[in-house]
Amino acid sequence: MNFFKTLVSSFTHSSVCLFVSTVFRLEYIAIQAACLAMVLDVCLRSIVF
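In terms of numbering that gives the first Met the number 0, the sequence shown is residues 0 to 48.
Source of the hints: derived by calculation from the structure; they are not laboratory data.
Be aware that a few hints might be false.
Quick list of the computed label-pair ranges, beta carbon to beta carbon [unchecked claim]:
(1) Ser8 with Ala33: 33 to 39 Å
(2) Phe2 with Asp40: 54 to 60 Å
(3) Arg44 with Arg24: 48 to 54 Å
(4) Leu17 with Val47: 41 to 47 Å
(5) Met0 with Ser20: 28 to 34 Å
(6) Ala33 with Met0: 47 to 53 Å
Bear in mind that the values here come from a model prediction, so they are computed numbers and not experimental data.
Just so you know, even glycine gets a beta-carbon here, dropped at the ideal spot from N, CA and C.
With the hints as constraints, model all of the structure from the sequences given.
The following block contains the structure:
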């Protein structure tokens, strides 16, 4: 019983860690994409005007 409880808690912990790291990675990619879009926007404006 104790072994089962430990197994479940470790599984839950690893799932939570995986979920959190995935969310942070997506957030990081979104921030990078936003920065890239901003840079491209500035470049296009400087070319056009």
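Outcome of range test on Cβ distance (Leu17, Val47; 41 to 47 Å): The hint (41 to 47 Å, Cβ to Cβ) holds, given that Leu17 and Val47 are roughly 44 Å apart.
Distance restraint evaluation - Ser8, Ala33, Cβ atoms, bounds 33 to 39 Å: holds (37 Å)
Outcome for the supplied range 54 to 60 Å, where the beta carbon pair is Phe2 and Asp40: holds (57 Å)
28 to 34 Å as the expected CB spacing between Ser20 and Met0, which holds or is violated: Holds, since Met0 and Ser20 (Cβ atoms, about 31 Å apart) stay within the stated range.
Hint check for Arg24 and Arg44 - Cβ pair distance inside 48 to 54 Å: violated (31 Å)
C-beta pair Ala33, Met0: status relative to the range 47 to 53 Å that was hinted: Since Ala33 and Met0 have Cβ atoms about 49 Å apart, the given range 47 to 53 Å holds.
Of the numbered hints stated above, the single one contradicted by the structure is hint 3.
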